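Model the full assembly from the supplied sequences, consistent with the hints where possible.
Sequence order for the protein chains is Y and W. Heads up: the first sequence begins at 1 in our numbering, then just goes up one per residue. Heads up: the second sequence begins at 1 in our numbering, then just goes up one per residue.
Hints listed in this document are in silico derivations from the structure and should not be mistaken for laboratory results. As the structure is a computational prediction, the values presented were derived from the model and not from experiment. Using N, Cα and C, we set each Cβ at its ideal position, and we do this for glycine too. Worth double-checking, as some hints may not be accurate.
As the list claims (entries may be wrong) - Stretches of chain Y that chain W covers, calculated by requiring three or more beta carbons in the stretch to come under 8 Å of a beta carbon on chain W: (1) 24-36; (2) 70-76; (3) 83-93; (4) 105-114; (5) 123-133.
Unchecked claim - 25 Å max Cα-Cα, derived DMTMM-like pairs, lysine to aspartate or glutamate: (6) Y:Lys90 <-> W:Asp346; (7) W:Lys295 <-> W:Glu254; (8) W:Lys444 <-> Y:Asp124; (9) W:Lys105 <-> Y:Asp124; (10) W:Lys256 <-> Y:Asp122; (11) W:Lys256 <-> Y:Asp15; (12) W:Lys668 <-> Y:Asp124; (13) Y:Lys90 <-> W:Asp731.
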Amino acid sequence: MAFDLTVNGSVHSVDADPQTPLLWVIRDHVGLTGTKFSCGIGQCGACTVHVDGRATRSCSVPAATAIGKRVLTIEGVSADGSHPIQIAWKEFDTPQCGYCQSGMILSALALLQQRPNPSDADIDAQVTNICRCGTYHRVRQAIHLAARLMKG
Amino acid sequence: MSQRTDSGVEAAQTGGPNRREFLATVAAAHGAFVLGFWVPSRAEAQTPSGAAWYEEPATREVNAWIVISPDDTVTVRIAQTELGQGVWTSNAMMVCEELQCDWTKVRPQYASANRDAREMAPAWTLKVPGNGATDPKGGGEPTFGNRDRRGVAGIPDSLYRRMRTNAASSVKDGRYYLQLAGAEARERLLLAAAAQWKVPVAELTARDSVIRHAQSGRTTTYGQIAHLAAATPHPHPETITIKPPDQWTLMGTEQKNLDVPLKVTGRTVYGIDVRLPGMKWAAVRSCPVYGGDVKTYDFEAVRRLPGVRSVVQFPTPDPALTRGRIFSGGVAVIADTWHQARTAVDRMPIEWTIPPEHAAFNTANMREALLAALDRPGTVQANQGDVAAAFSRAARVVEATYSTPYLPRARMEPGNATVLVTADRVDIWIGDQSPQETRFSASKITGIPEQNVYLHLCHLGGGFGRNGNGPQAEQAIMIANALRGTPIHLLWSREEDFVGTTYRAMGVAHLKAALDADGWPIALDVRTAMQEGGFGPDASFNVTSRYHVPNYRYSNHTAKFHVPVGTRRGIGQAAHEFYRESFMDELAHAAGKDPYRYRRELIARTNLPYKNDMIKALDMAAEMSGWGTPLPNGTARAIALEERGAETNGMATISAMVHTVSLSREGKVRLQRVDVAHETGFGLINPLSVRKQLEGQIIWFYNDAMHQMNTIAEGRIVENNFNQFPISRMDEDPPEINIRFFPTEHWLIGMGHDRATSVQSAIGDAIFQITGKRFRDLPYGRHDLTWR
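Structure follows, in structure tokens:
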């Protein structure tokens with residue numbers, strides 16, 4: 001069954017079961033592989049995207065829930081790394097293996113859009129993604145820098 | 001082969017794409033992937049149409065590590081795998097330091113494991129320059145001698161020598177020949193320019209990819225001269241020397257990692273991201289009890305589900321291909337998408353044949369078996385002085401029993417591999433810490449010679465252990481071999497990843513010390529037990545007690561279990577450091593002495609070659625932390641040394657850490673602050689990556705100390721996803737980490753593991769200081785930590 005999905009501002013016609021997890025529709029049908037699979041049960045956040053601006057663990061929601069809504073993936077944050085959050089991430093050389101970082105950036109971006117001046121406690125409460133390499137120390141610094149950069 | 005394709009199922013695609021067409025298609029779809037990391041359009045522009053990435057025009061290849069394009073882009077071939085440790089950048093730095101090229105125009109690329117099967121290493125890379133670990137002008141002490149040659153059968157000195165990424169050794173083993181590779185290329189570029197200008201080579205200088213002849217004012221660039229250099233052999237390559245640290249200009253500086261721009265835009269290609277024309281996905285279930293196999297399965301129950309194509313049963317991978325480990329047999333469902341394949345394999349009825357002796361194992365009886373092993377004669381690894389006599393005159397005896405659980409790597413990217421087998425060739429797309437071994441496996445499984453096996457290496461979404469990839473490559477090769485002509489992308493679910501990984505072995509230890517009237521140890525008896533086959537069952541205890549004791553005995557013991565065990569960010573040392581440093585804290589408290597000064601004195605009493613470096617580390621960490629200054633109620637500091645190799649005068653890595661830990665009355669632990677004093681040795685390659693490794697390992701070992709444990713029930717691993725196997729997040733990362741470096745006079749072993757093991761003992765000692773309760777079984781999180 002075909003349906004339309006709006007990802008990063010483009011409408012994609014998807015020929016898939018709408019109950020397929022949004023993650024796999026993004027990766028296999030839309031063809032954007034920056035969003036990652038890791039636990040498959042919504043625990044780790046590697047699959048985080050925005051659906052209408054809300055951070056969403058795409059492995060655990062059917063694609064159907066995103067029909068008619070705006071989906072943002074890492075590729076839509078900016079392709080050239082020029083978004084302030086990406087600049088901040090690069091400034092601290094934040095990623096190690098990098099596998100969790102797409103989801104980490106999308107979670108942090110959702111936080112910053114809600115709270116332009118997040119406290120450490122806000123970060124702890126809302127950026128609950130798992131990073132196995134342990135980049136948290138730089139993620140925190142990068143979020144604070146991104147907050148400053150996003151205010152221009 | 002007992003594997004088979006279910007007959008009557010829609011046949012796999014036959015024929016497959018034409019080879020040249022196929023590679024060209026991949027290049028077009030994934031320019032960044034096939035060519036390493038650079039702007040894809042630029043990378044494509046540099047690749048002649050239809051040419052494979054690993055066979056770039058030889059005219060521009062100066063040597064097997066370095067390709068220079070006319071626009072001065074320098075491609076550096078990296079024989080280790082980037083898994084977050086920064087090797088993609090540090091290896092390139094070592095080459096470019098000597099090449100003296102423009103660092104802003106460097107692009108790393110994976111070295112070809114296929115070429116490694118066909119070419120020998122140049123003779124000039126085979127001799128390590130200098131005089132070992134304490135010679136600043138030399139190449140240190142690479143340990144190629146330990147290389148497992150099964151993976152490179154018949155090619156002991158293959159082109160890229162060690163393609164493994166393990167043992168924190170990428171710098172230790174690779175530095176000398178990567179520096180030599182850069183130097184050899186630089187010298188040949190200079191020779192080529194000298195020949196062209198007909199001037200003595202000694203009159204030329206090279207810097208930032210520009211060659212100058214000062215007398216005539218002439219200049220050229222590496223890009224302009226590379227095709228001539230490629231045809232100019234060095235007359236005496238054995239005379240080439242490498243720069244000592246006092247001449248480094250790039251090495252030793254903090255360099256951001258070259259692949260970070262791709263990692264913040266989602267463009268890094270990991271194994272899971274590989275997409276090929278005609279590719280099908282495989283989802284597998286293997287027997288959850290190791291050593292088990294498939295009895296029956298009912299493909300008919302799922303064959304009509306959407307996208308499902310076929311089923312392949314595969315046997316337990318040959319232990320000769322998995323370093324002796326016995327995993328399980330299983331079944332793969334092949335479908336158009338992975339979600340379809342996984343849905344089907346999860347619904348497919350499967351019955352297992354399970355060895356009853358394996359099903360009888362559980363955590364409780366395995367722990368009992370290890371404790372019982374401690375009481376049987378083990379292998380005595382050290383027996384200095386007269387331990388029994390010293391105990392008979394002890395003023396006080398202190399003893400303790402500790403345990404550490406089974407631990408997986410649980411890297412973020414689940415195991416996966418994409419394999420295409422055709423009549424005469426195997427192609428494998430994989431993130432792999434042991435590509436030479438995978439090449440060997442491919443050859444053994446398919447019967448196709450290693451020289452016809454092509455690995456297209458990808459970044460890894462976490463590694464943490466050379467063999468940590470488990471048997472995903474072998475499974476994928478077996479499946480693709482049954483479906484020749486179709487590229488098969490195998491991907492493990494997280495649950496399957498917990499079955500397919502290897503584990504750090506569960507361990508127990510009993511430590512017993514005799515103290516004199518002043519509280520100093522006069523005898524130490526250490527016994528450790530670990531599953532037979534566990535890695536580093538005697539790590540570091542076998543050489544020395546580290547802290548001075550005149551009478552020392554150490555024995556290690558084993559019990560036979562069925563869990564596949566392997567390396568995990570180190571070997572047995574992480575557990576052994578928990579035992580040793582925890583016990584030192586216990587002795588200091590028993591003696592009524594300060595744990596920092598107690599350690600310091602006992603190091604000072606040794607004859608260990610690097611004892612002054614260890615004292616320096618302890619002093620610096622204590623000073624950084626404000627050791628001895630008052631702390632709020634419910635907060636405590638604990639200190640420990642972390643060293644590898646300091647018991648000999650070879651390479652070593654030495655640091656000390658002070659951990660400031662708070663514990664709420666409700667039992668909530670928080671690592672508030674970590675102060676790290678770390679040696680540089682003769683030089684760190686990229687201090688920024690070192691900092692990142694230290695920060696990451698602090699939270700890694702915090703996880704081990706507080707949360708992580710895999711239990712066994714009826715022979716199976718119980719916790720198999722992150723809801724049952726908790727992993728720390730932002731809210732547990734220490735708010736303050738201070739890292740300072742101090743210089744020392746030897747080469748380092750490496751930074752990849754065992755650099756923050758002290759978190760384990762330190763949290764335990766802080767809990768003891770705050771509550772008076774001592775917990776000796778990790779993780780602490782399963783104990784009642786509340787206090788009043």
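Checked hints:
no., hint, verdict
1, 24-36, "holds (count 8)"
2, 70-76, "holds (count 3)"
3, 83-93, "holds (count 4)"
4, 105-114, "violated (count 1)"
5, 123-133, "holds (count 10)"
6, Y:Lys90 <-> W:Asp346, "violated, 40 Å"
7, W:Lys295 <-> W:Glu254, "violated, 56 Å"
8, W:Lys444 <-> Y:Asp124, "violated, 49 Å"
9, W:Lys105 <-> Y:Asp124, "violated, 39 Å"
10, W:Lys256 <-> Y:Asp122, "violated, 28 Å"
11, W:Lys256 <-> Y:Asp15, "violated, 42 Å"
12, W:Lys668 <-> Y:Asp124, "holds, 15 Å"
13, Y:Lys90 <-> W:Asp731, "holds, 22 Å"
Of the numbered hints listed earlier, those contradicted by the structure are 4, 6, 7, 8, 9, 10 and 11.
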